[in-house]
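**Q** So the chains spell out like this:
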Amino acid sequence: MSEWQPRILAILCNWCSYAGADLAGVSRMQYPPSIRVVRIPCSGRVDPLFIMKSLQSGFDGVLVSGCHPGDCHYISGNYVARRKFAVLKPLLEFIGLEPNRVQFSWISAGEGDRFAKVVTKITEDIRELGPATRLVKKT
Amino acid sequence: MSSITIEKSASKGINDLLRHLLSTGKVDAVLAMRMMPDTGAWDLALVTDVKNLKELKPLAPVMTVNASQVLSNLSLSGKKIAAVLKPCELRAFVERVKREQGSLENLFTISHTCGGVFPLDLVAEGKVDRLLPKYEKVVSAGEIPSNIRDTCKACEHFIPMNADIMVSAAGECKPGEGCMIYLNSDKAREALSECTGEHGSAVLDSTSLEKLATARAREREKLFSSIEKDCSGLDGLVNIFGKCVGCHGCSRVCPICYCTLCDFESINFDYNLPYFEEHLARKGALRLPPDTMLFHMGRLTHMSFSCVGCGMCSDVCPVGIPVAAVFSRTGESTASIFDYLPGRDVTEEIPVMIFKEEEFPELG
Ligand code: SF4
Ligand code: SF4
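Quick note, the sequences are listed as chains A and B, same order.
Residues in the first sequence are numbered consecutively from 1, following the working numbering.
Residues in the second sequence are numbered consecutively from 1, following the working numbering.
If you are wondering where the hints come from, they were derived from the structure by calculation, not from laboratory data.
As the structure is a computational prediction, the values presented were derived from the model and not from experiment.
Do not take every clue at face value.
[Stated by the list, open to error] Straight-line Cα separation of at most 25 angstroms, PhoX-like style, residue types lysine-lysine; simulated pairs:
no.	chain 1	residue 1	chain 2	residue 2
1	A	K117	A	K89
2	B	K26	B	K80
3	A	K53	B	K283
4	A	K53	B	K356
5	A	K89	B	K356
6	B	K137	B	K153
7	B	K211	B	K243
8	B	K8	B	K79
9	B	K12	B	K98
10	B	K153	A	K89
11	B	K229	B	K243
12	B	K98	B	K127
[Claimed, not checked] Each pair of labels, with its calculated beta carbon distance range:
no.	chain 1	residue 1	chain 2	residue 2	range
13	B	K137	A	N100	26 to 36 angstroms
14	B	V238	A	G130	14 to 24 angstroms
15	B	E190	A	N100	39 to 49 angstroms
16	A	Q30	B	E265	39 to 49 angstroms
17	B	K137	A	R45	47 to 57 angstroms
18	A	V38	B	M353	48 to 58 angstroms
19	A	E93	B	L286	26 to 36 angstroms
20	A	R45	B	V70	54 to 64 angstroms
21	A	R39	B	M353	38 to 48 angstroms
22	B	G249	A	E93	27 to 37 angstroms
Glycine included, each C-beta is placed from N, C-alpha and C at the ideal position.
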């Protein structure tokens, strides 16, 4: 068997981060093939439950990315998202989940290079942590 | 602060006050705890006829339902209601008003310094009457009765915030030596201007409540550190929530969980064949009903910052999970991120409904 590859769920907002990912693709930028992308209308749509459910379903990490603060297509969705993530973070730590498994970032449609960097970083972080075991007992 | 002293015990004094409000037509109804004299059964009662007031025991350490839940619709009826609430019920109601689940406009909120309530099993076993004398003695000495709810022992907000009318019950008043009633709003001063008793002005003697506050703070430490120990990591969570049978009783009785259709009871959690196939392919076995743990984690992210620690959830749990202790402990840390205190002020907005443009630079 080949070396273990992290599986990371990337939840990307339609207007900025998803377009950023697209740009990274058409610009033929290199980043690890570790993410599975879910496109959502706005990062404000992300219920923290989605993140927990993904970890519980076997993902090793979750990346949520939206528009830069101030650039939300719906004006304030990403600000509200940030508050929800602020609530989720201490809860995840309380149950013993390594903080780096769940990351947030703001990536605009023009930042293909930033997208590639963010994905590379979270992949390395999670490779270091190893497979997620906290929320799901793998058998 | 304006005050009225009634030369009676607190429990008799508050009944006088309610009689005054109802018989003079200042209110249309009174909401308070009641004990049925013939059966000894306890409930929360809405009373519109003065002759039924004598069954009320407004200060009794019993909470059969967090009154803020039933008060929601009543408060929107247009009728004037005097509602006797425990401090945590009042705070929960304020949280509900913020969620547009009620209004303070037509209410007279009456609350009292609170010594804590008995768990529902003691109430159901009919033991309240027998336990009451000892309870009153311990509470008026500023101590914590050993048989009240866990989260009551650890509750630091036993002095009501923002009640129109406050009755001094726990800690301050010596049983039988007169009852102090504090009037905190114009509405209350107006309605009670002709109520019998000695009118004057006074401030709550908080020094006499300090002993209780210190004891409660110590209990809180103790409860929270034991929860932290038991709850940390997957093993801890399984330890605590592994027994959960998924009845959702805890969220039904929760005054903050107001959603008519809870996400966890919606189609989103209607498990279908692909779900089972996927999980079984990976794990080979699956616990049913699924996602009991996710239910608790989800509720923690949805509402823990508004948890008032009333303890209803632990009381109804059929398998004895200390739900309230876990939610209070986590709620304290999620609320503190925003310097939020549930129920403190009706104009203070729910932390996840507002934002500042510059904050949490560590998140992305
Ligand atoms: S939680 Fe506090 S306010 Fe509520 S019943 Fe217990 S002691 Fe009273
Ligand atoms: S009341 Fe107890 S058994 Fe029922 S859902 Fe809540 S924690 Fe689980």
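**Q** Hint by hint, say whether it matches the structure.
**A** Hint check:
Pair hint K117 of chain A plus K89 of chain A holds up; C-alpha atoms about 22 angstroms apart against a cutoff of 25 angstroms. Proximity of K26 of chain B to K80 of chain B is assessed by CA-CA distance (about 8 angstroms); at most 25 angstroms being required, the pair is judged to hold. The suggested pairing of K53 of chain A with K283 of chain B holds, with an alpha-carbon distance near 16 angstroms, which does not exceed 25 angstroms. Our distance criterion of 25 angstroms between C-alpha atoms is broken by K53 of chain A and K356 of chain B, whose separation comes to about 28 angstroms.
The straight-line distance between the Cα atoms of K89 of chain A and K356 of chain B is roughly 18 angstroms, inside the 25 angstroms bound, and the hint therefore holds. The suggested pairing of K137 of chain B with K153 of chain B holds, with an alpha-carbon distance near 16 angstroms, which does not exceed 25 angstroms. With a C-alpha separation of about 37 angstroms, the suggested pair K211 of chain B and K243 of chain B falls outside the 25 angstroms cut-off, and the hint is violated. A hinted pair counts as satisfied when its Cα atoms are at most 25 angstroms apart, and K8 of chain B with K79 of chain B does not qualify at roughly 30 angstroms.
At most 25 angstroms may separate the alpha-carbon atoms for a hinted pair to count; K12 of chain B and K98 of chain B exceed this at roughly 33 angstroms. Between K153 of chain B and K89 of chain A the alpha-carbon distance is near 29 angstroms, which puts this suggested pair outside the 25 angstroms criterion. At most 25 angstroms may separate the alpha-carbon atoms for a hinted pair to count; K229 of chain B and K243 of chain B meet this at roughly 18 angstroms. At most 25 angstroms may separate the alpha-carbon atoms for a hinted pair to count; K98 of chain B and K127 of chain B exceed this at roughly 37 angstroms.
Take K137 of chain B and N100 of chain A: their Cβ atoms lie about 54 angstroms apart, and the range 26 to 36 angstroms is violated. The beta-carbon spacing between V238 of chain B and G130 of chain A, approximately 20 angstroms, falls within the hinted interval of 14 to 24 angstroms. Remark: the range hint 39 to 49 angstroms for E190 of chain B to N100 of chain A is contradicted by a beta-carbon distance near 59 angstroms. Distance hint check: the CB atoms of Q30 of chain A and E265 of chain B are about 45 angstroms apart, consistent with the given range 39 to 49 angstroms.
Separated by about 55 angstroms at the C-beta atoms, K137 of chain B and R45 of chain A satisfy the suggested range of 47 to 57 angstroms. At about 25 angstroms, the CB distance of V38 of chain A to M353 of chain B disagrees with the hint of 48 to 58 angstroms. Distance hint for E93 of chain A and L286 of chain B: a CB-CB separation of about 28 angstroms, consistent with the stated range 26 to 36 angstroms. The hint said 54 to 64 angstroms for the Cβ distance between R45 of chain A and V70 of chain B, and at roughly 33 angstroms that hint is violated.
Separation of R39 of chain A from M353 of chain B is about 25 angstroms and departs from the stated range, judged on CB atoms against 38 to 48 angstroms. For the hinted restraint 27 to 37 angstroms between G249 of chain B and E93 of chain A, the CB-CB distance of approximately 28 angstroms keeps it satisfied.
Checked against the numbered hints above, the structure violates hints 4, 7, 8, 9, 10, 12, 13, 15, 18, 20 and 21; every other hint is satisfied.
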